[in-house]
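Sequential numbering of the sequence shown, starting at 1, is according to the numbering used here.
Just so you know, these hints were derived from the structure itself, not from any lab.
What you are looking at is a predicted structure, and each value in this text was computed from that prediction instead of being measured.
All C-beta atoms in this analysis are idealised placements derived from N, C-alpha and C, irrespective of residue type, glycine included.
Heads up, some of the hints might be wrong.
Derived lysine-lysine pairs resembling PhoX-like cross-links, with alpha carbons at most 25 Å apart [unchecked claim]:
#, residue 1, residue 2
1, K180, K37
2, K99, K16
3, K38, K180
4, K76, K58
5, K188, K99
6, K58, K37
7, K37, K16
8, K187, K99
9, K34, K13
10, K99, K180
11, K76, K13
12, K13, K99
13, K58, K99
14, K13, K37
15, K34, K180
16, K183, K34
17, K16, K34
The following label-pair restraints were derived from C-beta to C-beta distances [stated by the list, open to error]:
#, residue 1, residue 2, range
18, V81, Q152, 23 to 31 Å
19, D26, I141, 29 to 37 Å
20, G109, T50, 50 to 58 Å
21, R17, A138, 40 to 48 Å
22, P80, A138, 12 to 20 Å
23, K183, S159, 29 to 37 Å
24, R186, N14, 21 to 29 Å
25, S101, Q68, 41 to 49 Å
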Amino acid sequence: ESVRGEGAVLLDKNGKRFTNELLPRDLLTQEIYKQMKKDNTRHVWLNMQTVHCPDIEKRFPTICERCQEEGIDIHKDWVPVVPAQHYFMGGIHVNLSSKTSMDHLYAVGETACNGVHGANRLASNSLLESLVFAERAAQDIRVHSHEMHTPQRNLFHPSAYRNLPQYFTDNIFLVQSEIKQQKQRRKKA
């Protein structure tokens, strides 16, 4: 996000710019996924050669180091990118105590949709939000801890989640559509 703000551009598989890189996060994410689907690729490209920053390695050290580790020369090569979970407003609806609709399950941070943001997470608020809502969850857990019981068997099966990232990539529009429908149903109720 920050390198796009400094002039980096997103390219399709043919090296053509396909969107306005400064769109709000939710709209940019949709554009990237549309392009990935159109190109039948697992990523789009970020061209950092257009960044007008003489000290790019100092301004973006983490990005530059990671690219170097992967053998990508940011001055010559394009960087493969996909939207990270950071771009999604969390799909887990919670109340203001971070409690989900499932008994004894809480969600905080960027996985949670707590209603304090709107369509785009407010920049630089993620850490503070996580701390505040984690504290609220902890308080609620303290109050209700006597109601909680440990299951006698392990309910987690890692094999069920093995293909989850690919599932989301393949079905992002279906997931987004379902979320929108749920929001509309809640508004009508």
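Status of each hint after checking the structure:
1. Proximity of K180 to K37 is assessed by CA-CA distance (about 20 Å); at most 25 Å being required, the pair is judged to hold.
2. Taken as a hint, the K99 and K16 pair is broken in the structure, with Cα atoms around 44 Å apart against an allowance of 25 Å.
3. A distance of roughly 22 Å separates the Cα atoms of K38 and K180; the hinted pair therefore holds under the 25 Å criterion.
4. Note on K76 and K58: the hinted pairing holds, with a Cα-Cα distance of about 18 Å set against a maximum of 25 Å.
5. Among the hinted pairs, K188 with K99 is consistent with the structure: their alpha-carbon atoms are about 23 Å apart, no more than 25 Å.
6. With a CA separation close to 35 Å, the supplied pair K58 and K37 exceeds the 25 Å bound.
7. A threshold of 25 Å between alpha carbons decides the hint, and for K37 with K16 the separation of about 15 Å falls inside it, so the pair holds.
8. A C-alpha spacing of about 20 Å is found between K187 and K99, which places the hinted pair at or below 25 Å, so the restraint holds.
9. For the proposed pair K34 and K13, the alpha carbon gap of about 13 Å is at most 25 Å, so the pair holds.
10. The suggested pairing of K99 with K180 holds, with an alpha-carbon distance near 21 Å, which does not exceed 25 Å.
11. At roughly 16 Å between alpha-carbon atoms, K76 and K13 fall within 25 Å of each other, so this suggested pair holds.
12. A threshold of 25 Å between alpha carbons decides the hint, and for K13 with K99 the separation of about 42 Å lies outside it, so the pair is violated.
13. Among the hinted pairs, K58 with K99 is inconsistent with the structure: their alpha-carbon atoms are about 41 Å apart, more than 25 Å.
14. Of the supplied pair hints, the one linking K13 and K37 holds, its CA atoms being roughly 11 Å apart against a limit of 25 Å.
15. With a C-alpha separation of about 17 Å, the suggested pair K34 and K180 falls inside the 25 Å cut-off, and the hint holds.
16. Distance check on the hinted pair: K183 and K34 sit about 22 Å apart at the alpha-carbon level, within 25 Å; holds.
17. A threshold of 25 Å between alpha carbons decides the hint, and for K16 with K34 the separation of about 14 Å falls inside it, so the pair holds.
18. Separated by about 44 Å at the C-beta atoms, V81 and Q152 break the suggested range of 23 to 31 Å.
19. For the pair D26 and I141, the beta carbons lie near 31 Å from each other, so the given range of 29 to 37 Å is met.
20. A hinted range of 50 to 58 Å is violated for the C-beta pair G109 and T50, which are about 32 Å apart.
21. A hinted range of 40 to 48 Å holds for the C-beta pair R17 and A138, which are about 46 Å apart.
22. Against the hinted window of 12 to 20 Å, the Cβ-Cβ separation of P80 and A138 comes to about 39 Å, which falls outside the hint.
23. Range check, K183 to S159: about 32 Å between beta-carbon atoms, so the 29 to 37 Å window is met.
24. Separated by about 41 Å at the C-beta atoms, R186 and N14 break the suggested range of 21 to 29 Å.
25. Taking 41 to 49 Å as the suggested C-beta distance range, the pair S101 and Q68 conforms, at roughly 44 Å.
Checked against the numbered hints given earlier, this structure breaks hints 2, 6, 12, 13, 18, 20, 22 and 24; the rest are met.
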